[in-house]
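Q: Model the placement of chain B on the given structure of chain A, informed by the hints.
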Amino acid sequence: MASKPLFIMLCSGEHEKIQLAAMIASVAAVSDRPVQVFVTMNALLAFERGLTPDQRYHGGHFHELFMTSKVPDAIELFAQGKMLGDMKMWACSMVLDLKHWETDTHLVEDLFDGPAGLTVFLADAEEGELITI
Amino acid sequence: MAERQTIDARGSFCPGPLMELIAALKLASIGDEIEVLSSDKGSAADIPAWVNKVGHSYVGTTEKDGCWSIVVRKAK
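Chains A and B are the protein sequences, given in the same order. The numbering used here applies: residue 1 is where the first sequence begins, and numbers increase by one. The numbering used here applies: residue 134 is where the second sequence begins, and numbers increase by one.
Chain B on its own, in the form it takes in the complex:
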């Protein structure tokens, strides 16, 4: 059964949130969702671009008070 986990990368600068996401994806199963919390504006744009490039699924992004929640589903 697919699981969902949250990575709190708030306070970390580029490419810290992306690298934390990738490390979590390595350990996740296909279909699992990972939510990255980030206060880095650049990562909010970079993570969806990376996800599309390497073939995972980008679920969506929400922003509240300077914190982005970026959700990714492991697809391969």
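Chain A extracted, bound-state conformation:
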């Protein structure tokens, strides 16, 4: 039986929460489970194009340990999930509008499938399981 699709709403800009979302999304995607990730609010700031890891990641008890240990980079984990599994990533269109950002020019390259609204994401999420981080 096919696995239920997993929908992840990522709101927090804390490093450890972005890391957790990346771990969940990538492992689910490579385990034959369709995954969709909706990135909104502070979380989207961590996906700005051209940042160094020090600029990109902040906050949470485990932040320092992540930065000094061989923990996989969250952005790379999302990219691996997309490359190796059935995974889509959407950037919140409201936050993009507020920041005057475009997915193609302001966010990490080749990671997002496009902008999306909350209404569509929530409607799609009715088909599967939704978790919010």
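Hints may contain errors.
Unchecked claim - Straight-line alpha carbon distances no greater than 35 Å define the calculated DSBU-like cross-link-like pairs of lysine-lysine that follow:
hint : chain 1 : residue 1 : chain 2 : residue 2
1    : A       : 99        : A       : 88
2    : B       : 186       : B       : 197
3    : B       : 174       : B       : 209
4    : B       : 207       : B       : 197
5    : A       : 17        : A       : 70
6    : A       : 88        : B       : 186
7    : A       : 4         : A       : 88
8    : B       : 159       : B       : 174
9    : A       : 88        : B       : 159
10   : B       : 159       : B       : 207
11   : A       : 4         : A       : 70
12   : A       : 17        : A       : 99
13   : A       : 99        : A       : 70
14   : B       : 209       : A       : 70
15   : B       : 174       : A       : 88
16   : A       : 4         : B       : 159
17   : B       : 197       : A       : 88
18   : B       : 174       : A       : 17
19   : A       : 4         : B       : 197
20   : B       : 186       : B       : 209
21   : A       : 70        : B       : 197
22   : A       : 4         : B       : 186
23   : B       : 197       : A       : 99
24   : B       : 186       : B       : 207
25   : B       : 209       : B       : 159
26   : A       : 88        : B       : 207
27   : B       : 209       : A       : 4
28   : A       : 70        : B       : 159
29   : A       : 17        : B       : 197
30   : A       : 4         : B       : 207
31   : B       : 159       : B       : 197
32   : B       : 186       : B       : 174
Think of the hints as simulated: they come from the structure by calculation, not from any bench.
A: Structure of chain B alone, referenced to chain A:
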């Protein structure tokens, strides 16, 4: 003829060793064996569970001095 390769993922934390295994499986032929060396205890449990879930063959695990050798055979 089936081949065997070793991935040295020692020092990498979850899910790094699993992701390295999956990338290697993509390039391997059916019947090839891949050995993952990992110092991450969680991955030693997670990799066999993943292998069984997605339908590859789990060959076995050995542990020595905090390093696990996990062997997987590509089955599909």
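Q: Against this structure, judge whether each hint is valid.
A: Do the hints match the structure? See the list:
no.	hint	result
1	A:99 x A:88	holds (22 Å)
2	B:186 x B:197	holds (26 Å)
3	B:174 x B:209	holds (27 Å)
4	B:207 x B:197	holds (24 Å)
5	A:17 x A:70	holds (17 Å)
6	A:88 x B:186	holds (22 Å)
7	A:4 x A:88	holds (15 Å)
8	B:159 x B:174	holds (24 Å)
9	A:88 x B:159	holds (20 Å)
10	B:159 x B:207	holds (9 Å)
11	A:4 x A:70	holds (31 Å)
12	A:17 x A:99	holds (22 Å)
13	A:99 x A:70	holds (33 Å)
14	B:209 x A:70	holds (31 Å)
15	B:174 x A:88	holds (30 Å)
16	A:4 x B:159	holds (24 Å)
17	B:197 x A:88	violated (39 Å)
18	B:174 x A:17	holds (22 Å)
19	A:4 x B:197	violated (38 Å)
20	B:186 x B:209	holds (13 Å)
21	A:70 x B:197	holds (21 Å)
22	A:4 x B:186	holds (14 Å)
23	B:197 x A:99	violated (52 Å)
24	B:186 x B:207	holds (13 Å)
25	B:209 x B:159	holds (10 Å)
26	A:88 x B:207	holds (26 Å)
27	B:209 x A:4	holds (22 Å)
28	A:70 x B:159	holds (23 Å)
29	A:17 x B:197	holds (33 Å)
30	A:4 x B:207	holds (25 Å)
31	B:159 x B:197	holds (28 Å)
32	B:186 x B:174	holds (19 Å)
Violated hints for the displayed structure, listed by number in ascending order: 17, 19, 23.
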